[in-house]
Structure formats: C-alpha cells, structure tokens
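*Asks:* Chain by chain, the residues run as shown.
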Amino acid sequence: MKKLLSGNEAIARGAYEAGVHFAVAYPGTPSTEILEDVATYDEIDAQWSSNEKVALEVGIGAALAGSRVLVAMKHVGVNVATDPLMTFSYIGVNGGLVLVAADDPGMHSSQNEQDSRQYARFAKIPMLEPADSQEAKDFVQSALEISEEFDTPVMLKTSTRISHAQSLVSVRERADIAIRPYEKDMSKHVMMPAYARPRHVAVEERLEFLREYAEQTTLNRIEWRQKKIGVICAGICYQQVREALPDASVLKLGMCYPLPTKLLAEFAANVDQLYVVEELDPFMEEQIKVMGIEVQGKGLFPLTGEISPNLIAKKILGQPLTQSLAADMDSEAPVPARPPVLCPGCPHRSVFYTLHKQKMVVSGDIGCYTLGALQPLDAMDTCICMGASISTGLGFEKGNPALKGKVAAVIGDSTFFHSGMTGLADVVYNQGTTLTMVLDNRITAMTGHQHHPGTGSTLKGNPTVALDIGAICRALGVKRVREVDPYDLAALDAVIREEAAAPEPSVIIARRACALLDKSIKEVYVIDTERCISCGLCMKLGCPAIVKDNKTMSIDVSLCVGCGVCVQVCRSNAIVKAGDQDA
Amino acid sequence: MPKTTSILMGGVGGQGIVLASKILAHVIQAHDFDLKISEIHGMAQRGGSVLTYIRFGEVVHSPLIEPGQADYVMASEKLEAWRWLPYLHSGGTMVCSTQEIKPVPVIMGLQKYPHNIEKAMQTMVAKGTLGKLYAINALAVARECGQPKAANVALIGVLAHCLQFPLASFEEALEAIVPARFLAANKKAFLAGYQYFTDI
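Protein sequence lines, in the order shown, are assigned to chains A and B.
When you read off a place in the first sequence, starting at 1, and then add 808, the result is the number in our numbering.
When you read off a place in the second sequence, starting at 1, and then add 12, the result is the number in our numbering.
Please note that the accuracy of each hint is not assured.
[Unchecked claim] The calculated lysine-lysine pairs, modelled on BS3-like cross-linking and capped at a C-alpha distance of 30 Å, are:
id	chain 1	residue 1	chain 2	residue 2
1	A	Lys-811	B	Lys-114
2	A	Lys-1070	A	Lys-1036
3	A	Lys-1385	B	Lys-139
4	A	Lys-1330	B	Lys-114
5	A	Lys-1036	B	Lys-15
6	A	Lys-1165	B	Lys-131
7	A	Lys-1356	B	Lys-131
8	B	Lys-139	A	Lys-811
9	B	Lys-15	A	Lys-1123
10	A	Lys-1327	B	Lys-131
11	A	Lys-1327	B	Lys-199
12	A	Lys-1359	B	Lys-131
13	A	Lys-811	B	Lys-15
14	A	Lys-1097	A	Lys-1070
15	B	Lys-124	A	Lys-1348
16	A	Lys-1165	B	Lys-114
17	B	Lys-114	A	Lys-1348
18	A	Lys-810	B	Lys-199
19	A	Lys-1035	B	Lys-34
20	A	Lys-1268	B	Lys-34
21	A	Lys-1356	B	Lys-114
22	A	Lys-810	B	Lys-34
23	A	Lys-811	B	Lys-161
24	B	Lys-114	A	Lys-1385
25	A	Lys-1359	B	Lys-124
26	A	Lys-1359	B	Lys-114
27	A	Lys-1327	B	Lys-161
28	A	Lys-1356	B	Lys-161
29	B	Lys-34	A	Lys-1327
30	B	Lys-15	A	Lys-1122
31	B	Lys-161	A	Lys-1330
32	B	Lys-161	B	Lys-124
33	B	Lys-124	A	Lys-1356
34	B	Lys-139	A	Lys-1122
35	A	Lys-811	B	Lys-199
36	B	Lys-161	A	Lys-1385
[Said to hold, decoys possible] Which chain B residues face chain A? A few, computed with CB under 7 Å, are given here:
id	residue
37	Ile-52
38	Gly-60
39	Ser-61
40	His-73
No lab work stands behind these hints: they were computed from the structure.
All of these numbers come straight from a predicted model, not from anything done at the bench.
C-beta atoms are modelled at their ideal positions from N, C-alpha and C, and glycine is treated no differently.
Model the full assembly from the supplied sequences, consistent with the hints where possible.
*Replies:* Here it is, written out as structure tokens:
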C-alpha cells in the first residue's frame, strides 16, 4: 500500500532510499521535519548544526570525504549558507550532495518570502522542484544522481504547500551505496585564485552540459491536451494549474534551472496562448523571454504570495472556479482574528513586560519571542534575521548617542548559538555598552523544540556537552554577565535597570525552560473578585489565561499554568492561589 | 471525472485537529482514493487558528481549498466555524462544536466575540445557502464519555455519519491511530457523535 507522507517526510524517505549516509540541517519552518524524520532512520547519521552555513560546510566535508549527503534549510537559511555555496559550486562533489531549500510564499511563518530559485542561477547549479510528495521523494534520488554525474551540488526547492502537504507515495527499499574513497585534489578542492580560475571555466562548461541534460531528462515533460492554452509551470503551481485548467496543455518542469530551451520552443510553437505560472519572481518568465518566446506571466499574476487555482482561473479564463459564501453571511461584526501569542507561563512574557515598562529600545530577533512585539507587550523595535539583535543593537547606540544606555538586544538560546556570538564579540571589541538579554528557554522552541548546542542532547538523542552561554559571554570579553529567573519580576526589573545603565557591555541570561516543556505541576491562580479593583494592570501582561469580560477580569484555570507573574503585577493582592481563595 | 470531495477542518491550537485529520485520512486511504492533506504549522502552537484541508477523489491536484469550494467544514470551536464558513460552497454542510474559546483580541477586551453565530447559521440554512448545520457541544459529549480530549473525535463521528464510508472503517481507523489506553473513551465519543443526529 502507498504511504501517506508529507513532502518533508517524503524527502527523508528519499534520502533513505537513495542511500544517503549523512544529513545535516538547522531547523526552520517549513523545512524542520525533514531532519527530524531523517533521524528516525538508523542507517543515516543525522545532526542539527548550529546554523545553516555550518550545516552546509559540514555537508560539503562529508560529500568530499565520500558520503552521499542531504542538507536542509528554510529559504532564509540559504542566505546564511550562501558563502560556502557559491564556492562549493566551483569545487563540486565526491559523494552526491542535495541541498533542500524550503520556501514560504505567503509567509506563513517567515520574515520574508524570497525566491530560492535565484540561488540556483546565482551559484550556477541545477535545481529540481517537486510537485507532490511522490516527486519530493523521487527527486532526492534524481538530485543525487545529477550531483554525482555532473560533479555539482544540486538544490531541491520545496514550498510550504509541498513540505506540509501530505499525499500518497510508493516507497522502495534502500539502495546499497558505498562511501566513495577519498582522494586529495588540491586543484579542485583548494579554492585560491590559481586553482579557482580554471574551476570557474569548469562551472560554465558544466552549466552547458546541464542545459543539454534538461532537454533530455524525464524530469521535464510536456502533457498535451487542448492546444488553445499552454502553461509552463513547476512545483506546486503545476497542481494549481491542473486544478484550474484541466484541459490546458502543460510543460511541467521538474528541473527549474537550467531551463530546456528547445523543449520550451517546441511547446511554445504548438499552443495558441502561452502562459508561465510561477510564485514570487518572474524567474522562468524572464529567461523564456530572453529566448525570444512570447509568454504571459507577471503581467497577470502577482509578484507576492501564493498562487491559487481560483486566481489562475480568474486571470486566464476570466472567472474564478468558486464563489465565497461570505456574501451570504449575515454578520453584525467582523470575525475577531486569532493571532498567535506567547503561551500562558511563557518565560519571555515578563522580560518584554519589563522592557516595555522601562521604555527600552529593543533590538529583536527570530523565535517565539518575536511575539513580544505584539500588543500589549509592544516591546520590540526591530526584527530582521537570525542573530541580528545584538549587532543591530550596537548600531543603534553608535548611530544615535542619545540612545546609549537605552538599548537592549533580545536573543534566544538557539539563535545565540546560531549567529549571536559574533555580534557580541563586536560589541566588546568596538567598546559598545549594549545590554544583551539571552532568553534561554533551553530549547529551539518556535520550530517545535529541537535540540541545539546548549541543550546537552544531539538530534539522534545522544547525550553531549551542553555549551555554557554565560561562560561563552565571559570568554568573549563581557565582564558583566548575570543570570535571572524571569518569573521573578522584581529581580528582573532591577537587573535590567542596572545592566542597561552599565558603561560597558553586559549580558543578562533570563533562564527558564519553555512553558510547554515544563511538566512540573504548579498550583493555578484565580482572581479574588472582592479585592480586584478592575485596574487592568494584569492585562498588560497579555497572558491568554487572563480574560477581560466587560470590566471584570478572571483567570481561565484551564489555561493557567501557575507561573505567578501576574500575582507580582497586581497591586491589590487580588490574584491568589486557587486553593487559598476561600481561606 | 468524478468530483473531488473537499473537507476543511478548523480549530484552535491544541484541540487535536491533526488527530482528527489522521483518522479521516486512514478511512479515505482504506477506500483507495487519491488523497491530499494540507496543514499550516508554524505559529499555530501558540494559540492561533489551526487549519487542515482534506481532499479526496480519483485524482486530486491542488492541496488547497478555496472560499466557496468545501463540501464540509468541521470546526471544533464556534468562532472558527464562522471564520471558515465562507469556504463552504452554497448548500455545503457545517459540522461544528458550540464550544467557545476566546481569542486574544477578545480576551483583551478590544473586540467582541460574536454572540449570534448559531442563529446566523440557522438563518442561512433556512435560506438554503447553508445546506446542513450539525452543531453539538462536542466538549460536553466527550466529557460524558470520560475523555474531554476526545471532543474532536465526537465531531468526527458527526462528520462520519454525513460521509459515505461504512462505520466499521472508522472503527478500524480509531483502533489504528488512537493509543490503546484512550481507545475505549474515544470509541464511545465517536459513536456518541455518530448517533447524535438521527436526520442525517
């Protein structure tokens, strides 16, 4: 029987079947489950690395040493890994290497929606783009074969709708692939100018061979149906086109870079109206137009977000497939949104509450704690990319002396290991006074609780050294390193005041485990309505367990985890342990 | 080509929408249909809306369900039922729980939780724009069966009665998916949902 697999599970299965020996990643939505699933196969050595650049570099070493390798990351992770990627293209492989880049058009859980296909062209390496889980699995095998045949890294691009959609997959047994012998080859592996110049020539020649391959490969295919409308598409857009235009002919590209010139010309010559349907950038459209082929693309479709069957039908056929029932809904008021929120008992809450109260300029970072930007905590000034908090914070005090002593950088534990340490070295080196707050909840929480160098466990669940954040900060030259329990509001308030005012770099490690992982049972709290004066101070915490109904506050005991932070905010002593209420 | 059936499941993080979709997927797969399920993860764990699309038929292309396309919406919370109602086509079926979980803007007193949702849906049934409405207090039903966390399984019971699969397939799916120690209560909740409406 076929298996129902998500695209990510299918990629992991593909790695298993293709005989991959080693897999490495840094977690990031929508790519995270690939490595979590790969790790369940005993035959594959799998690891979380501290960031995507490190992950790719470890992967490059493993491939040169002779293993078949899978490296996975989200689209913005490729930015971090671009430095090794660009030169890895020159070096090529020994054992094959596939680099999975999971895009997030529509930004379901990302800070931007960049188009990873540009990286394939930038690095002059091939890219495959699966359209469902079966292809996601099969294309891992294809990518590794192309990698070894053409001596190149190969990118495999998914999107949220491929990675997180499940469809039926036929599975096979694992291929028995031997680790290739390693041979030292300085002219190919040591990229200094004298060796790199001929390698660049080799890269350009390789790309010409790959263009020829693109014409022949079964990864690309024409599906002839009615010839009035012809659509060029790849990946999830193929499914949306088939849904919207079941009668149209389709040129489905499984390999979205480099493009097959002759195949495109043949397809174009045989249809009346030619369209290219692609999400985000006009990546294929521009290349097709350069070939001298007339095609409609971004003139009809947006440069932003996802493309749905309804949109395709509307733009090409003139009307959508379905009509929303919204017009028939008799509604008195807008439907309240249900935005994500810091969980009840989240140890980050009190930090943002305090930073807001002290009117700090907060340089933020990527993680659950980005939610500290939302009302009522409202305690974030910037959020850019992984690790940017500390260095951007330094920039704030350098760029405006009036902000000196008012800037706090907040960064999570996993993000600190990812790329926070170099920023902190810069603060020390350049005589900044920035306050860095490491919100250490002992896990990579946002993506679903993955281990990192500070947790003491590997991806495979083996115990390992837990790196000490405080010791690292001191080793980086920070003299003022303090730890605080974020549940202790008075201590937190005092330590932030003192360290923000310090005329030198300082680090506060606010340490408490993620509330979703803290299984200790604490007594929940309730509001004593006789003492409560409805001042609303507790509402400033933005805790989802504290509910306001008209003017009265109450605590939803099914949500409360007993962290006790609200007790410290209340000036009327109205928040009491549930068991003490009647006492 | 036979029509593809589209089912949208909506709820709040932690309500067990993923388990519900697994049970249904098991049944669909056992009947040799092509099948696609699309989930949005990411920030849902932090109390946000959770959404799953389930589509099955001879060949399924898009994993998406768009407004006006769903044959069924199954919502484990009343506001989520209202949120996803526009995704039904005219004459589609709503299966929902009357449980209320207030979203943060309501908790903070910035917005009101709409109080007329059930009545508005009944009006739509009377007009014929909404085909069928099956609203139950799934949490109360599940509590009576001894397992409040089985509320979604009770809802699946109601939905199962609407769909054309044999009851035995759902029982097999429950046995395959629900951990043994919770199985008895979940089966009970499923049947309570299945038998809740006699007019299906």
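*Asks:* So, for every hint listed, does it hold in this structure?
*Replies:* Hint-by-hint comparison with the structure:
no.: 1; hint: A/Lys-811 x B/Lys-114; result: violated, 38 Å
no.: 2; hint: A/Lys-1070 x A/Lys-1036; result: holds, 20 Å
no.: 3; hint: A/Lys-1385 x B/Lys-139; result: violated, 50 Å
no.: 4; hint: A/Lys-1330 x B/Lys-114; result: holds, 24 Å
no.: 5; hint: A/Lys-1036 x B/Lys-15; result: holds, 24 Å
no.: 6; hint: A/Lys-1165 x B/Lys-131; result: violated, 44 Å
no.: 7; hint: A/Lys-1356 x B/Lys-131; result: holds, 25 Å
no.: 8; hint: B/Lys-139 x A/Lys-811; result: violated, 43 Å
no.: 9; hint: B/Lys-15 x A/Lys-1123; result: holds, 23 Å
no.: 10; hint: A/Lys-1327 x B/Lys-131; result: violated, 41 Å
no.: 11; hint: A/Lys-1327 x B/Lys-199; result: holds, 28 Å
no.: 12; hint: A/Lys-1359 x B/Lys-131; result: holds, 27 Å
no.: 13; hint: A/Lys-811 x B/Lys-15; result: holds, 23 Å
no.: 14; hint: A/Lys-1097 x A/Lys-1070; result: holds, 14 Å
no.: 15; hint: B/Lys-124 x A/Lys-1348; result: holds, 19 Å
no.: 16; hint: A/Lys-1165 x B/Lys-114; result: holds, 27 Å
no.: 17; hint: B/Lys-114 x A/Lys-1348; result: holds, 17 Å
no.: 18; hint: A/Lys-810 x B/Lys-199; result: holds, 26 Å
no.: 19; hint: A/Lys-1035 x B/Lys-34; result: violated, 40 Å
no.: 20; hint: A/Lys-1268 x B/Lys-34; result: holds, 26 Å
no.: 21; hint: A/Lys-1356 x B/Lys-114; result: holds, 10 Å
no.: 22; hint: A/Lys-810 x B/Lys-34; result: holds, 15 Å
no.: 23; hint: A/Lys-811 x B/Lys-161; result: holds, 27 Å
no.: 24; hint: B/Lys-114 x A/Lys-1385; result: holds, 23 Å
no.: 25; hint: A/Lys-1359 x B/Lys-124; result: holds, 13 Å
no.: 26; hint: A/Lys-1359 x B/Lys-114; result: holds, 16 Å
no.: 27; hint: A/Lys-1327 x B/Lys-161; result: holds, 18 Å
no.: 28; hint: A/Lys-1356 x B/Lys-161; result: holds, 26 Å
no.: 29; hint: B/Lys-34 x A/Lys-1327; result: holds, 27 Å
no.: 30; hint: B/Lys-15 x A/Lys-1122; result: holds, 21 Å
no.: 31; hint: B/Lys-161 x A/Lys-1330; result: holds, 21 Å
no.: 32; hint: B/Lys-161 x B/Lys-124; result: holds, 27 Å
no.: 33; hint: B/Lys-124 x A/Lys-1356; result: holds, 11 Å
no.: 34; hint: B/Lys-139 x A/Lys-1122; result: holds, 28 Å
no.: 35; hint: A/Lys-811 x B/Lys-199; result: holds, 25 Å
no.: 36; hint: B/Lys-161 x A/Lys-1385; result: holds, 26 Å
no.: 37; hint: Ile-52; result: holds, 5 Å
no.: 38; hint: Gly-60; result: holds, 4 Å
no.: 39; hint: Ser-61; result: holds, 5 Å
no.: 40; hint: His-73; result: holds, 4 Å
Checked against the numbered hints given earlier, the structure breaks hints 1, 3, 6, 8, 10, 19 and satisfies all the rest.
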